[in-house]
Amino acid sequence: MIIGERKPLEEVFNRTDSFKKICVLGCETCVAVCLAGGDKEAQETAEAIKMHREQTNNPVEIKASSIQRQCEYEFIDEVMEELKEYDVILSLACGVGVQTMATKVPEMFILPGLNTSFLGYPLEQGVWMENCKACGDCVLDRTYGICPVTRCSKSMMNGPCGGSSEGICEVSKDTECGWALIYDRLKALGKLEYMDEIIPPKNWSTSFHGGPRKIVREDVKIVRGE
Amino acid sequence: MFAGSNLEKVLSNGHFAVTGELGPMRGTDLGPCLEHAEHMRNHVDAYNITCNQTAVVRIASMAAAIKLVERGMDPVMQMTVRDRNRIMLQADILGGAACGVGNFLCIQGDHQTLGSEPQAKGVYDVDSTQLMRIIKNMRDENVFASGDKLEAPLKAFIGGVVNPFADPFEYRVDRFAKKIEAGVQFVQTQCIYDMDRLKEYMKRVVDKGLHEKCYIMAGITPLKAVGAAMYMKNNVAGIIIPDEIVARLKGAKDKKKEGLKMAIEQIQQIREIEGFKGVHIMAIAWEEMVPHIVEEVGGLLPRPKFD
Ligand code: SF4
Chain C
1 MIIGERKPLE EVFNRTDSFK KICVLGCETC VAVCLAGGDK EAQETAEAIK
51 MHREQTNNPV EIKASSIQRQ CEYEFIDEVM EELKEYDVIL SLACGVGVQT
101 MATKVPEMFI LPGLNTSFLG YPLEQGVWME NCKACGDCVL DRTYGICPVT
151 RCSKSMMNGP CGGSSEGICE VSKDTECGWA LIYDRLKALG KLEYMDEIIP
201 PKNWSTSFHG GPRKIVREDV KIVRGE
Chain Z
227 MFAGSNLEKV LSNGHFAVTG ELGPMRGTDL GPCLEHAEHM RNHVDAYNIT
277 CNQTAVVRIA SMAAAIKLVE RGMDPVMQMT VRDRNRIMLQ ADILGGAACG
327 VGNFLCIQGD HQTLGSEPQA KGVYDVDSTQ LMRIIKNMRD ENVFASGDKL
377 EAPLKAFIGG VVNPFADPFE YRVDRFAKKI EAGVQFVQTQ CIYDMDRLKE
427 YMKRVVDKGL HEKCYIMAGI TPLKAVGAAM YMKNNVAGII IPDEIVARLK
477 GAKDKKKEGL KMAIEQIQQI REIEGFKGVH IMAIAWEEMV PHIVEEVGGL
527 LPRPKFD
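Chains as they are written, first to last, in my numbering: chain C, 1 to 226; chain Z, 227 to 533.
Take these hints with a grain of salt, some might be off.
To be verified - The list that follows gives simulated cross-link-like pairs (lysine-lysine, DSS-like), each with its CA atoms no further than 25 Å apart:
1) Z:K450 to Z:K483
2) C:K173 to Z:K434
3) C:K187 to Z:K404
4) Z:K483 to C:K173
5) Z:K434 to C:K187
6) Z:K434 to C:K191
7) C:K191 to Z:K404
Treat the hints as calculated values from the structure; they're not laboratory data.
Let's have the full structure, built from the sequences with the hints guiding it.
Laid out in structure tokens, this is it:
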């Protein structure tokens with residue numbers, strides 16, 4: 001899922017200071033699960049802004065609310081009319097949600113309340129780990145489930161660099177070496193021969209390096225007039 | 227001959243090769259770098275030019291390499307895949323070769339967050355193994371990575387690095403084999419201090435016959451001070467400095483002299499280890515000591531000359 005982190009409150013205060021009517025809008029899917037941008041966080045953020053405004057003698061009318069997904073028009077539709085009563089929407093969705101909102105309600109100001117961090121999963125309570133870069137050409141079949149593009153700090157495709165030491169990456173003592181993980185996994189599965197295969201340069205045009213991506217599926221498109 | 231560079235001639239004629247290392251400056255004056263090169267002219271066969279070493283911005287390795295070519299010296303142009311995509315890597319290979327550079331050394335490069343511009347975007351379009359194969363294909367098949375043809379052929383002696391001190395140790399020799407398969411012709415090792423581990427690594431290398439498929443040069447860096455040794459020991463991933471080395475340095479009255487003495491002994495020892503075809507001396511910020519080291523090892527001078 002998409003993992004996000006709330007922007008520092010100072011930054012949020014600064015960006016919203018000039019608005020008199022604010023709606024803090026949470027998103028109840030990914031960012032709610034990672035405890036960054038759901039209904040609860042929307043309430044907390046609204047409360048913090050309100051207190052800040054009171055302290056700075058800059059009264060504000062503020063409301064916290066949330067919808068199931070800010071990245072789909074049908075969910076935005078449900079609250080559309082209500083949103084229009086505000087000067088600004090502080091969205092606690094990921095960047096996808098913020099931009100979908102901006103497209104759907106173009107006449108309104110939409111500000112991001114989160115930094116969208118990465119695609120990942122909860123490792124344990126309070127810890128999230130990145131494990132996919134959405135490169136558009138999945139190589140997990142070759143490494144049996146650990147992504148070298150994401151888990152190796154240098155996205156190496158042909159084994160560990162010279163900075164791999166006792167399972168730790170040269171980048172930081174808190175970072176596991178992705179290739180050490182891959183090696184251990186292949187060894188456990190009896191598939192070490194993969195390590196000997198030379199993987200040719202990756203096609204990055206399926207990733208962002210080919211420009212913003214778009215998928216068109218003719219089989220599921222609704223053809224006008226039908 | 228693949229490139230006809232001095233280094234290739236020395237190695238292919240069966241001589242024990244000696245290379246030095248030069249780090250270009252962090253300003254526009256290459257003077258000190260060229261002075262160091264002149265100083266070791268009669269003591270080394272070729273000069274590695276580092277490529278933004280430790281991810282710190284410096285004069286581009288190609289620029290310094292070309293300056294050496296102009297002076298009749300043989301550069302080993304290091305190329306990291308950290309800062310350039312395949313377009314620029316291939317362009318720099320063409321550029322270097324067009325100006326007389328023959329040796330290209332492919333390395334991954336230290337991660338950008340560890341260097342002078344920690345906010346930089348890392349490129350990593352290809353990895354070092356892939357770069358070796360790209361150069362090999364440019365040279366042997368006359369094709370770029372895309373498959374397009376080169377307009378004029380490339381001559382290149384392809385180099386790389388191996389690190390016997392990185393992990394997983396049991397994979398390190400296979401990784402070397404993979405690089406040979408990709409096209410590497412000579413490799414230099416990471417700085418050697420742990421002789422036991424080195425010997426174990428080389429035994430496995432020789433068992434696999436890799437020393438017959440690729441020239442292996444031992445990387446030696448003299449230790450200048452206890453602080454420097456401790457820093458490397460604790461902070462540089464992929465370098466192992468055994469406690470007894472640190473203790474020996476600590477116990478010495480003249481640390482610098484002892485550091486040089488240890489480096490000289492290390493070179494003498496690695497000459498006894500089967501598989502090594504040369505030594506690469508990385509006297510970082512101590513380049514002026516390279517001639518002394520080479521002289522003291524014994525049997526390395528004069529360096530072979532070719533017409
Ligand atoms: S230490 Fe491991 S994870 Fe880190 S850059 Fe090297 S191979 Fe990749």
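Checking one constraint from the list: CA of K434 of chain Z to CA of K191 of chain C, max 25 Å. Satisfied? 20 Å, holds
Take a quick look at whether K187 of chain C and K404 of chain Z sit within 25 Å of each other, Cα to Cα. 17 Å, holds
K450 of chain Z and K483 of chain Z: Cα distance at most 25 Å? 8 Å, holds
Within 25 Å, alpha carbon to alpha carbon, are K483 of chain Z and K173 of chain C? 34 Å, violated
Starting from K191 of chain C, check that the Cα of K404 of chain Z is at most 25 Å away, please. Answer holds: K191 of chain C to K404 of chain Z is near 16 Å, not above 25 Å.
Check whether the Cα positions of K173 of chain C and K434 of chain Z lie no farther apart than 25 Å. Violated, at about 33 Å.
Hint consistency between K434 of chain Z and K187 of chain C [alpha-carbon to alpha-carbon, up to 25 Å]: 20 Å, holds
The structure fails hints 2, 4 (numbered hints given earlier, in ascending order).
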